[in-house]
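> Chain order of the listed sequences is A and B. Residue numbering for the first sequence follows our numbering, starting at 1 and increasing by one per position. Residue numbering for the second sequence follows our numbering, starting at 1 and increasing by one per position.
Because the hints were derived from the structure by calculation, they are not lab data. Take these hints with a grain of salt, some might be off.
Unchecked claim - Where chain A lies over chain B, by a calculated footprint (3+ residues, C-beta under 8 Å): (1) 22-29; (2) 43-57; (3) 110-123; (4) 130-136; (5) 148-156.
For glycine and all other residues, C-beta sits at the position ideal for the given N, C-alpha and C.
There are 2 protein chains.
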Amino acid sequence: MKKPLILVSNDDGITSPGIFHLVNVMKELGDVVVVAPNRPQSGMGHAITVGDTLRLNESSIFEGVRAYECSGTPADCVKMARHFVLKDQRQPDVVVSGINHGSNTSISVLYSGTMSAAIEGAIEGTPAIGFSLCDYSHQAEFSHTHNVVKKITQQVLQKGLPKGTALNVNIPPWRHESIKGIRICRQANAKWVEEFDHRYDPNGRSYFWMTGNFVNFDKGEDNDEWAIANNYVSIVPCQFDLTAHQAVRVLNEEWDILN
Amino acid sequence: MKKPLILVSNDDGITSPGIFHLVNVMKELGDVVVVAPNRPQSGMGHAITVGDTLRLNESSIFEGVRAYECSGTPADCVKMARHFVLKDQRQPDVVVSGINHGSNTSISVLYSGTMSAAIEGAIEGTPAIGFSLCDYSHQAEFSHTHNVVKKITQQVLQKGLPKGTALNVNIPPWRHESIKGIRICRQANAKWVEEFDHRYDPNGRSYFWMTGNFVNFDKGEDNDEWAIANNYVSIVPCQFDLTAHQAVRVLNEEWDILN
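Extracted from the complex, chain A is given alone in its bound form (with noise of 0.2 Å):
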């Protein structure tokens, strides 16, 4: 049986602790070929690099693996994994992305860079993963993410995914309580409430640091923020389709401008 062709990919940058645990798991599963970005890049959500070039370099950071380092975004690494790297070669029977440091659940999934690697994958038709660890610490304990990712893959790689979907996965950070399973859920209802802290430069002009609280008004238990709350790894699957078809009945109904 021919070993699956994994692309990696991920928002922290090619050197974080995070892709490294991830490149080691798919080395058990398949061919590896990793393109991603040469600095971090958290926060960048779906960004595309438009009206700018891209660099693209090889790298040999990870031992017997082809991987290329980019200067672009999470979603233009997948692209140039696809329409450049791989062009007119066989292409990928999974993205995978991450691991990332910190959580995508609930709202963090617009924000998220690592999921939108795996979204690029989705909108390519090909089975995609976007994986976190809710542990926003570069020396984050990844010992209990291998058997999860491994696992989760493996069973995307045998039986695929619905059309049109990627999977948001969430690993609880290191307790000393084991994970308690795996989940298929919904994005919570949350979000973020920033604050801004201003501060003034050394030569007196004003500057400001984004920072939030996450609100979770969600009571329910079937989504991804009740999963991680309860050590469960969280398994949201997205997608990209972002029509609000309820909503679309109900504008037809109410409004009178249309035509």
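Chain A is already provided as a structure; the job is to place chain B on it using the hints.
Just chain B, lined up with the frame of chain A:
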């Protein structure tokens, strides 16, 4: 009756013709506050500024309008408007973004900074609209957009929007024939197929320009691509809950690693 408070942002930057036209329409409808990027931010998707500082300066670019230029992304602008500029003040009745120089139909909604400003408004619970003109030219003709933008914004101020949605409005380019009407649509099933134009800089180092062709797979007549091609204004109500609810059911049935 109290005049509505209207927050205006965009992704082409505060000096672009598109935002000038949008502010002019909004001045006819209410009190206007502008917080917009200080430079073009096209293709920024839902990026936010993480790990870097933000600048915000008052601008007198729009006559008689309170306006600020921000060093951040469109999403940052809306966050700063709510949590700094209008902190402890009356919050906007509607957030409008644009008018974008170029189409944001179909899959382009994911990459659109224009729409991320609108979505950010929707996350805050404010009715929000992203306006795009399907003409990429800086010198595009905007005269035919005036009444469309006004009519749609009035309708939203009057009737509100379904919870958790923002409108993605695309307006056909100026043609000799008048616009046929306004349609509520779904996001067309289409994608960009990228090509990378590989060049060498004066030092002999390689770089790339990303170019692409838009490919429409959608045969339906209820989508935004069809509407624009047939000279209708398209309105897609977009949601920020990315959960593919049907896929939640499928994975729960098919997977054997859950518990």
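> Look at each hint and say if it fits the structure.
Here is how each hint holds up against the structure:
{"no.": "1", "hint": "22-29", "result": "violated (count 0)"}
{"no.": "2", "hint": "43-57", "result": "holds (count 13)"}
{"no.": "3", "hint": "110-123", "result": "holds (count 5)"}
{"no.": "4", "hint": "130-136", "result": "violated (count 0)"}
{"no.": "5", "hint": "148-156", "result": "holds (count 3)"}
Hint compliance for this structure: hints 1 and 4 are not met, and every other hint is.
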